[in-house]
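> Sequence:
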Amino acid sequence: MLRIEKPVSRHQPDSWLRNNESIRQASHDVRNTSHNLRHHSHHLRDQVREEIKKLEKAKEVAEDELEARFSPLNTALQCLTLRERRREGDLVKDEVEISLHDEVRMLEKSRADLEKVVLSSVSHLRSLNQARQILLQDLSDKQAALDIDKTQEDLTEHSPQISFKPDSLRVPSGSILPAAWLEHSLTNMTRTEAAIKESQELRDTICITIQTTKREDETQQTATEYSLRCRLHQESRARDELQWQKEKLMAEIKDQEKEISALETQLQASSLPLKVAQTRLEGRTARRGQDLVRDAAQDGLAAEVTQLTQSRTLLRQQLVLALDSLHSLQRHLRAVDVDLGRKSLSVSLEKKVQDTRQALKEAAPLQSLTEANLTITGSLRAHPTQIL
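Here the sequence shown stands for residues 2 to 389, numbered as in this note's numbering.
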């Protein structure tokens with residue numbers, strides 16, 4: 002029997018079907034991979050855009066918090082400067098001064114921590130924008146390639162655009178294999194996803210930093226306020242005690258001056274009787290002969306002169322002691338008056354410090370802590386409740 006067939010191996014129908022199915026499946030897989038890549042890339046594009054907005058908002062909140070530390074720091078330094086005006090013995094390194102120095106160090110540390118996260122957010126925003134630009138360029142290239150492929154797919158034998166090409170089989174410079182194309186796309190997406198994840202972690206770090214610095218600053222400010230109140234109470238009591246001592250000293254000085262005046266009056270009053278007695282004794286010495294008798298009158302006058310002289314000596318001694326006591330009281334009054342001036346100045350300065358720090362209490366917070374956290378972590382929507 003005559004057989005007309007090519008001398009080559011022939012495939013079975015099942016093999017032919019499997020081959021067609023394999024080609025069809027491979028084509029489907031390639032199209033599906035390309036579609037998934039484009040879809041994922043579009044999703045990443047939107048995601049990175051939103052992440053940039055959230056990170057920019059978090060950076061703004063951190064910058065506001067950084068700026069908000071400027072006034073408390075200046076206030077603490079101003080309080081230290083005010084308290085440096087205390088004089089001599091009242092220039093004490095007390096708890097208030099220690100607390101104010103701690104507050105300055107804490108605020109400087111808070112500013113450094115906030116500045117660090119702000120700089121990190123600026124740097125990461127550059128990374129996010131760079132990843133976004135690369136992703137947008139990749140999406141643009143893919144869309145252009147898709148448009149080209151669709152245009153070529155629509156060509157038919159009757160299309161006016163078809164023509165002979167001089168070297169249609171050439172491989173354009175820069176052509177890559179599908180595996181390299183897939184690796185390039187996956188690398189871009191992986192880089193973008195990593196940048197988004199790092200941005201989310203950075204926003205969490207910003208949130209924690211703001212919470213920590215705010216809590217530490219408020220705790221230190223509370224400690225400073227307590228130390229200031231205690232110190233003001235101590236200084237006010239010391240001033241009031243000195244004022245009481247001054248009043249008592251002034252009253253004692255008045256009494257002492259009265260006592261001195263009385264002693265001087267007594268001393269002055271005793272001079273005339275003494276003069277009389279001495280004059281009488283001197284006058285009786287003019288008696289002559291046997292009439293110059295040391296009689297009872299002579300003894301009485303002598304006793305009177307002796308008694309008056311002793312009384313005047315005692316009065317002079319008491320007057321000297323009274324004058325010494327008066328001078329001592331006056332010296333102590335001057336010392337108390339000087340110390341009272343220092344204490345009054347210290348109390349006045351502490352009150353000025355309190356008035357200066359009052360601005361810290363009156364300053365309205367930029368945001369509540371909850372709102373700041375929701376804003377930074379991206380959980381805040383333009384909704385009346387503001388919370389997801």
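It should be emphasised that the hints constitute simulated quantities derived from the structure, not laboratory data. Worth double-checking, as some hints may not be accurate.
[What the hints assert, rightly or not] Calculated lysine to aspartate or glutamate pairs in the DMTMM-like style (CA-CA distance at most 25 Å, straight line): (1) Lys247 - Glu258; (2) Lys215 - Glu194; (3) Lys249 - Glu260; (4) Lys353 - Glu363; (5) Lys55 - Asp65; (6) Lys58 - Asp47; (7) Lys255 - Glu265; (8) Lys276 - Glu242; (9) Lys362 - Glu217; (10) Lys117 - Glu217; (11) Lys94 - Asp241; (12) Lys352 - Asp114; (13) Lys362 - Glu194; (14) Lys198 - Glu96; (15) Lys58 - Glu98; (16) Lys255 - Glu154; (17) Lys94 - Glu109; (18) Lys249 - Asp338; (19) Lys352 - Asp91; (20) Lys117 - Asp65; (21) Lys117 - Glu242; (22) Lys352 - Glu219; (23) Lys166 - Glu154; (24) Lys110 - Glu154; (25) Lys110 - Asp91; (26) Lys215 - Glu98; (27) Lys353 - Glu194; (28) Lys94 - Asp300; (29) Lys353 - Glu258; (30) Lys276 - Asp300.
[What the hints assert, rightly or not] Derived CB-CB ranges, DEER-like: (31) Glu61 - Pro167: 19 to 27 Å; (32) Glu61 - Ser345: 20 to 28 Å; (33) Lys259 - Gln308: 33 to 41 Å; (34) Glu51 - Pro167: 43 to 51 Å; (35) Val123 - Ser174: 36 to 44 Å; (36) Ala270 - Gln246: 34 to 42 Å; (37) Ser345 - Val123: 30 to 38 Å; (38) Gln246 - Arg281: 16 to 24 Å.
Don't be surprised by glycine CBs; every beta carbon is placed ideally from N, CA and C.
> Please check whether Lys259 and Gln308 have a Cβ separation lying inside 33 to 41 Å.
The hinted range 33 to 41 Å is violated for Lys259 and Gln308, with Cβ atoms some 26 Å apart.
> Is the straight-line distance between the alpha-carbon of Lys117 and that of Asp65 25 Å or less?
Between Lys117 and Asp65 the Cα gap is close to 14 Å, so the pair holds against 25 Å.
> Going straight from one Cα to the other, do Lys247 and Glu258 come out at no more than 25 Å?
16 Å, holds
> Just to be careful, I want the Cα atoms of Lys215 and Glu98 compared with a cutoff of 25 Å; is the pair within it?
21 Å, holds
> Going straight from one Cα to the other, do Lys362 and Glu217 come out at no more than 25 Å?
Holds. Lys362 to Glu217 sits at ~16 Å (cutoff 25 Å).
> Check the hint pairing Lys352 with Glu219 against an upper bound of 25 Å on the C-alpha distance.
Satisfied, since the Cα-Cα distance of roughly 21 Å is no more than 25 Å.
> Does Lys55 pair with Asp65 here, judged by a C-alpha cut-off of 25 Å?
15 Å, holds
> For the pair supplied as a hint, Lys249 and Asp338, is the alpha-carbon distance within the 25 Å limit?
12 Å, holds
> Decide if the proposed pair is consistent with the structure: Lys215 and Glu194, CA atoms, cutoff 25 Å inclusive.
32 Å, violated
> Would you check the hint for Lys58 and Glu98, treating anything up to 25 Å between C-alpha atoms as holding?
It is violated: about 38 Å lies between the C-alpha atoms, which goes past 25 Å.
> Tell me if the straight-line CA distance from Lys94 to Glu109 falls inside 25 Å.
21 Å, holds
> Can the restraint linking Lys362 and Glu194 be considered satisfied, given a maximum Cα separation of 25 Å?
The given pair, whose Cα atoms are some 44 Å apart, is violated under the 25 Å limit.
The structure fails hints 2, 8, 12, 13, 14, 15, 16, 21, 24, 25, 27, 28, 29, 31, 32, 33, 37, 38 (numbered hints given earlier, in ascending order).
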